[in-house]
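Could you slot chain B onto chain A? The hints should help.
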Amino acid sequence: MQERSDEQLMAAVMAGDQVALAALVTRHHAPLLGYLYRLAGGDRQLSEDLVQETLLHVLRQHTYQFDRPFKPWLYMIATNLARDYFKSAAVRQRWREGDSEEALLHLYDNEPSPEERALVAEQGSEVRAALAQLGEEYRVVVVLRFYQGFSLQEIAETLQIPLGTVKSRLSVGVHRLRTVLAPVQKGVD
Amino acid sequence: MPHPQSSWPFERPEQLADALREQGASPEECADLLPAVRRLSEWQAPQPEPADTRRLLAHLTPELPAPSPVRQAIREHRQHRVAFLLATARAQVSLFGLGFWLVSALITLIGVGAVVVLRNVVPDQALVLQALVLRISGPLLAFLGTIVAFRGRGARVLELELVCLPSPLQLAIARLVIVLGYDVGLSLALSLLLWAGGSSQVLALTLSWFTPLLLVAGLALLLSLRLSIQVAASLAYGSWLALLTISTISNLQSLLLAPALLVLPGCIGLAGLSIGLLCLHADMHRLLPHP
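Line by line, the protein sequences are chains A and B.
For what it's worth, numbering that gives the first Met the number 0 labels the leading residue of the first sequence as 0, then goes sequentially.
For what it's worth, numbering that gives the first Met the number 0 labels the leading residue of the second sequence as 0, then goes sequentially.
Treat the hints with caution; some may be incorrect.
Selected chain B positions facing chain A (in silico; Cβ < 7 Å) [said to hold, decoys possible]:
| id | residue |
| --- | --- |
| 1 | P8 |
| 2 | Q22 |
| 3 | A35 |
| 4 | R38 |
| 5 | L39 |
| 6 | E41 |
| 7 | A44 |
| 8 | P47 |
| 9 | A50 |
| 10 | L56 |
| 11 | A65 |
| 12 | I274 |
Simulated from the structure, these hints should not be mistaken for lab results.
Think of the CB as a built atom: it goes at the ideal place given N, C-alpha and C, for glycine as much as any other residue.
The shape of chain A in the complex, shown without the other chains (with noise of 0.2 Å):
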């Protein structure tokens, strides 16, 4: 049987359909998660409330429109969580008093530390520091691009930005990882 699209599996779900709401979470879960994974520096815990989060907006709104692909709502409705969640004051107070050596990793355009970078041991790190020096609309496009696999007009759907703006910020959000992991990968060669 032929497999049902996202927009049909949706359209089943606001009529109150388990099976079909089953279905979109198994398809939806892991690579929704890996997202705000990365949005979120790495904080499983966060990440994952912010996945149950992002669900229970999907069903208690009732914004969908039928003839909108359902990937990039769903995206854009995980994204505007993640930033309303970093805007809120008690979480940028939580940073700003350092309660967390995750934390560091959070704050945008900062250079990295020498004690940072000790404690990005751990294979990946490196990338994640990489990540969190970028600024939040920078970061936000290479996670989709590169991590999510989303065509260019999928993040422009996403972000509800033009399409030249996706590319300019991939542009510099890419070149300015280059300019990070650059030292690395000379040593790595």
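What follows is chain B alone, placed relative to chain A:
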């Protein structure tokens, strides 16, 4: 406990280079950027276990919309709106009774008969008199149809209609479709009869009959928003007859009922029907019985 790791969406190295090119990087830039971009795969995200997904579903399931069976049935029917309207109209046909169909047909036949007789008896003034007869008999059908089609509102069946699957507005549209459809059918039959009888002014005579019918139906529906359906229909038909009388006995006939203005009553009637239907929906609460 270590979690399973997510997969990297770029299976082949060329795909990564293609992605960079697509976003506007030149070949030299691609070569420069690729090593850094390739390193992104070093940071893997955890994959949820099936148990995690089940737990998430357990949280989400209570939030599923739970439309009532009635709402679900309405939604299913809306997907086939035209078929649904036709089925509703078919169901409403039984409410009209045989008398309505026979009387309507009889009025039409009398109109046609009068037209034929007048053509033979007074050939010099035939067209004016024929038009007059049709302008009286046509709206009479509208008067009859409006009373029959909307008598349910006066008969206090609105409570019953409100609990039916089709909305009262859909029922009203369905009834209008039936009545006007039948009248259009009669109008076409009349035209055919006149054409077969050798009349040279078939279109003018048909319009003389049909456009006042629309006018009276529209006016009756509009008036029924504030008056009982019998009073509204009588007032609409009475007003039309008064206008007809005044224009016939005075010199206004050439002005009010000029051939160029034959379509005007029909347009006014259609506008009245549209406004009446829209207001009928918004005005429905007035028709509910007061406690």
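| message | If you test the structure against every hint from before, which numbers come out violated? | response | Hints 9, 12 contradicted; others consistent.
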